[in-house]
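Here are the chains, one letter per residue:
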Amino acid sequence: MKYLWVILGLALLSGCAPDLTIYATKPGKLQLDQIEYLVVEPFEDQTGVVIDLPQGLNVKSNAALGPLLRAQVLKGLSSGGQYRLLPDHKGLQGVQPALGKVAILRAKLAYFEMERQGGDQQFHVFLAKKTNTQSVGELLAVTAGSAIASSAERSGKGFKVAHPYVERAAALQVTFLLVSALDGEPLAAPITKNLHFHKKWGGTEGSSMLDPDLEAAFGVDNLNVEDLWAELGQVDDRLRMKTQNPDEYIAKGYHLKEDVKVPLLLSDLRARLSREAAQALTQQISQHQVPFALDLSGGDGVAINLIKGGAFNEAINRLEALPAPLDAGDQYNLGVAYEAMGEYAQARRKYGAGLDADPGSSLFKQALQRVQN
Amino acid sequence: MSRFTWGLLALGFLAASCAPQVQLKTLRPAEVDTGGIRRVAVGPFEIMGLNERLQSERNGQWTTQPVQLSAAQKQALSDQIRAQVVARLAATPYYELIYTDEFAALDSDEKLQAVIAAAGYRDRQTQAVISGRVWIELVKTDGAMPKKTEMDFVAGGRSDLSLSVEKMVWWPYKALRGNLTLELKMTQLVPTEVVAASIDTRRYAHRIGGEPLDFLDQIRNVAQDMGEGGGEAEESQFNVIEGSDQVLPSFEQLTGILAASVATDFIRKISVTESRQALSVATGGDQRGKLLVEAGAYGMAIDRLQQVTAQAPQGDDLYNLGLAYEASGEYGLARLTYREALKLQGENPLYAQGLGRIERMLRQKPRLRSQLSDKGTK
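If you read the protein sequences in the order shown, they are chains F and H. Residue numbering for the first sequence follows my numbering, starting at 24 and increasing by one per position. Residue numbering for the second sequence follows my numbering, starting at 451 and increasing by one per position.
Everything labelled a hint here was simulated from the structure, so no lab data went into it. All C-beta atoms in this analysis are idealised placements derived from N, C-alpha and C, irrespective of residue type, glycine included. Check before you lean on any hint, since a few could be wrong.
In silico negatives: residues of chain H with every beta carbon more than 12 Å from chain F [said to hold, decoys possible]:
no.: 1; residue: Q471
no.: 2; residue: Q563
no.: 3; residue: D573
no.: 4; residue: T642
no.: 5; residue: E702
no.: 6; residue: L741
no.: 7; residue: Q756
no.: 8; residue: P816
Covered by chain H, per the in silico footprint, the following chain F stretches (three or more residues, Cβ under 8 Å) [unchecked claim]:
no.: 9; stretch: 146 to 156
no.: 10; stretch: 233 to 244
no.: 11; stretch: 303 to 312
no.: 12; stretch: 373 to 384
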């Protein structure tokens, strides 16, 4: 009957999903106000170059990722919308932009990837057990039998069976440099990003084709972190999208099968690493969208209902019409409604007022930090 | 418990969250403003990486057999992906497709950029060119997974002996994993500018057979089974032929499915698109009014529900009336009606969602209007 638990678990999880996810536009961390146009030059792939990993270890680059990474960067800049993207800074048709307003983005990168397929030999001892044990003595005998068998397996006795495995790893090191098209002077300090991914599917757990130290280094900040809870938390959102907005569901590719038992490919790793590196850059130099999961506080039920339904204006009207002073929950929800509308000044005011009323509140402190920039 | 029973349970869970629905078509503004561009040509689709292979595994020994594609086959593959983009683009009324082979005949993005820079093209109608670059990796695996399995033996007769025997069982499986990464770029000719750039990856992984799953993987699978497939929308967009879960799609089929998804996403970025929404109808209240809304007879539904709500205002009737207004484009009236419904039942999430929809629509309206007047319709 455990299948029923699965279903129940899923139903419960959908209750844990955040009340509201909003997308806020954040400016890039670097101030590049004078730049209007951006030329993204082809990225330079370097082979045989050292890529730094944690714990002082490294690998040498052996593959190219330039075109893919460049495309990811272009995408981030295009959706950020802060710059006009030019294919080149000379030889354009139409009005030529003033060179002082044009920046050139260059990058040097090193990429390493590794793939092994094989079989790990494991030892197996097979037991026949009596399953309808009646006395404590019989039960102990069965337990002892299992213990003896597993210790024999560990010490290398028994039938040898090859357990197939697939192991893949990738590491990327990239340095971005932004220079002025006018004089070639750097506009900001170089931005460097190091990322890596390692995973083994099947075989003996804990063993690896990599050198043990290297495997440990890959394990630190490994991008391969599976978060089952986060994964399942999305299920509810996606199912709602599937019934309510099937076109978007398909456009995002959520309808495609994804069986986690099938090992990822090297191209999955390439896509993942290049996307992460491009995101890191976009957050530095361009305005970008950040998702926020907001949880509402207790308070006026109708207003909470309105905010969850996406009717922020209606919720604001309702909450502002309540007799002052608002209690903490309503005050917080009012801030959330303004924040979701993108009216950060108002949101700041509301969160600030909440903090004034209750200076120790961590809820308001976090919210204020969120809308500060 | 069989897969069938799982499916039933999953369905039950789904059904609980599904009420009768009404289909609405709404316009969705483009994410990237492409200015006054109306006439677009589709340029080259360059294959940057292609790796298709068949592999098999027995007793930890792997053999791999790459699928070699001839130049003509590669061209066909690139044409197939290009056709997906052309088809999506032709379906939006806001761009005029210029059918010229001039740009597509250039075999790489680099050459295209050079031709644009030198204004070396004859066609003078085109305002922008869409070009693409694609990376594909597809792998079919045929293998067998060993797993120590306890098998129950029950001795018959008078003996009360019941035994379990451990055996090594090899569970054969077939698996397919695919990754398609497609970069799409829209370059305006004069003044030269990359108006929109995007790159998206679609993955697909499917395994048939294999060892019994542990508990966590079972949870994942239930979640997957529920999310999988796009229903009617997928069938109408991709002309899917009803497939079976027990058959792996061919490489060509898979490429088509993956490319179509990325292309749909890109078109939604650069163009005003019509999107279908399925909205829940309130089930309480006047049944005739509800049926009229479900059937799409909005005018009759409005007449009926106006009468009903004038005599005895009820939340669900008011909501359905609002839905009928919304469906016929009367957003102001819809908003007033949803508000009245909410006044009667403040905690009903359905009513609040109605208000939220109208608010979002009104927020998007200025953008939509400017994008539509920029482009006009053909």
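Evaluated hints:
Non-interface call for H/Q471 relative to chain F: violated, since the shortest CB-CB distance, roughly 7 Å, does not exceed 12 Å. Not every beta carbon of chain F lies more than 12 Å from that of H/Q563, the smallest distance being close to 5 Å; the non-interface claim is violated. The claim that H/D573 is not at the interface with chain F holds, since no C-beta of that chain comes within 12 Å of its own (minimum 14 Å). For H/T642, the requirement that its beta carbon stay farther than 12 Å from each beta carbon of chain F is not met, with the minimum near 4 Å.
At roughly 16 Å from the closest C-beta of chain F, the C-beta of H/E702 stays outside 12 Å, upholding its exclusion from the interface. At roughly 20 Å, the least C-beta separation between H/L741 and chain F is larger than 12 Å, which holds for a residue marked as non-interface. No beta-carbon of chain F comes within 12 Å of the beta-carbon of H/Q756; the shortest separation is about 23 Å. Listed as a non-interface residue, H/P816 keeps its Cβ farther than 12 Å from every Cβ of chain F; the least gap is roughly 14 Å.
A count of 8 residues in the stretch 146 to 156 of chain F with a Cβ less than 8 Å from any Cβ of chain H is obtained; the coverage claim is therefore met, three being the minimum. For the stretch 233 to 244 of chain F, the proposed coverage by chain H is not satisfied: 0 residues have a C-beta within less than 8 Å of a C-beta in that chain, short of the threshold of three. With 0 residues having a beta carbon nearer than 8 Å to a beta carbon of chain H, the stretch 303 to 312 of chain F misses the requirement of three or more and the stated coverage is violated. Under the rule that three or more residues need a Cβ within less than 8 Å of chain H, the assignment of the stretch 373 to 384 of chain F is violated, with 0 such residues.
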